[in-house]
Amino acid sequence: MVDSLLLGVEGIKKTVLYGGTSEIPKFITGSKVTFHFRTMLCNDDRTVLDDSKKVGMPMEVVIGNMFKLDVWETLLKSMRIGEVAEFWCDIIHTGLYPMVAKSLRRIAEGKDPVDWHIHTCGMANMFAFHTLGYEDLDELHKEPQPLIFVLELLKVQQPNEYHRESWAMNDEERLKAVPVLHGHGNKLYKQGRFEEATNKYKEAILCIKNVQSKEKAWEAPWLKLEKVANTLTLNYCQCLLRMQEYYEVIEHTSDIINQHPGVMKAFYLRGKAHIEVWNEAEARADFQRVLDLDPSMKKLVKKELAVLNMRMEEKREEDREKYKGMFTSTTTGKTITEQIQALGNRIQETVEQAPTEQETALKETPEKDKLVKNTLNEVSVKQNVPEQNDPVEKTIEQETLEKDSLEQEIAKNKNPVLATPVQNEILKNTNLEQKTLKIEPPENGTLSNEPPKQENLENESPEQETIGNETPENE
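Its first residue numbered 1, the sequence shown is counted upward by one per residue in full-length UniProt numbering.
The hints are simulated quantities; they were obtained by calculation from the structure and are not laboratory data.
No experiment lies behind these values; they were computed from the predicted model shown.
C-beta atoms are modelled at their ideal positions from N, C-alpha and C, and glycine is treated no differently.
The reader is advised that the hints may include incorrect statements.
[Claimed, not checked] Listed next, the in silico DSS-like pairs over lysine-lysine satisfying Cα-Cα at most 30 Å (straight line):
1) K187 / K227
2) K303 / K187
3) K265 / K303
4) K32 / K209
5) K176 / K26
6) K227 / K302
7) K68 / K227
8) K209 / K68
[Stated by the list, open to error] Restraint ranges, calculated between C-beta atoms of paired labels, are given here:
9) K216 / N170: 32 to 42 Å
10) V307 / G344: 42 to 52 Å
11) E338 / E280: 29 to 39 Å
Required output: the full structure, derived from the provided sequences and hints.
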């Protein structure tokens, strides 16, 4: 490897990684140089930003074509065919790399290298930061830094050895190529070769946009180029209509209308695109705007509105058939409404056949019958209990005093007939107690002495009878 500083060039250091063959080629204005490149950051990891070999497409530069990253022309002019070299470049040479890398990435992704119809006024453009669409390029754009380029020179072609495309032209050549490309596009359109025509119109638009980007927005030279670009774009949209790319037509024509609301043809083409996608209100509004801008278009607009009415009627009929199919069962052949009505009829029949509350009440289970029977027995027992004449309970002392008073009165009068039934009962119980006390049980009990106990048990029989009336727990 050879380390050297390029003589007469500040901020560039070259290291040859692989030597080339023969002498350094002749680089003149218009020579096309084909090469591979790899761009890396100057950090410890040598982070790779872009690599043309990974994309699978080499880079091409035309010498003297005012390429934005003109430092690459300087680097390539120092190389031989087949040579691989590494170049360290200071910030003064790398400031525009993010913009160049954005275009190269968009081309590799199959997109246009420039965005159409993006305009701002001078003050807005001065202070606004527009993202490049790639995070690493945004960072490099905000904070420029030295970069490392590894280049491999593949071939050098002289101006008469290749067909020059628009990107390889200078501004003067681009402006001369625009009417030629425009004419080719028109010819292809008349032949019905719409896709080929779009390619011609698109190439012409790119030529105009490249030149226009160097003019100050909204000044006379810029507006002159803008008018040509709009004409080419509308021709491009006519091809797209034939290719049934309706939404793309709406997009491009809307861009023109937003910038230039007086372009009648843009409203006309957008209205036709709205018809094809059943945007009835939008189509009518666009055709009304066409009449406002050019009343002589009345006959043509009337024809387009007739097409719109026919298309909308077809759409409504199609929707009716579609919705009819959606609401018809594939198994029964009935509509949803008919199925709902049949379901309602079945529910009504079920309700009518259901037993009433009285019928349901008669169909009691055996457990419920048993429970009702036991409940009725308990209620009957409670109803048979005699009510007491005197609900007030008496204490033992009160009962004793009443007994003594009654005995004294009976002893005095010797007339038990005058006693009340309650008094007779009390007297009977008193005599029974006295009789029981007079009989003393023998020390060794015999059978002859047991009758008093039986008599006592007989007096307690009501308590046993009461117990017998209680419902057993285990029943």
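Outcome of the hint check:
no.	hint	result
1	K187 / K227	holds (21 Å)
2	K303 / K187	holds (27 Å)
3	K265 / K303	holds (16 Å)
4	K32 / K209	holds (22 Å)
5	K176 / K26	holds (27 Å)
6	K227 / K302	holds (28 Å)
7	K68 / K227	holds (26 Å)
8	K209 / K68	holds (15 Å)
9	K216 / N170: 32 to 42 Å	violated (20 Å)
10	V307 / G344: 42 to 52 Å	holds (46 Å)
11	E338 / E280: 29 to 39 Å	holds (33 Å)
Hint 9 from the list above is the single one not met by this structure.
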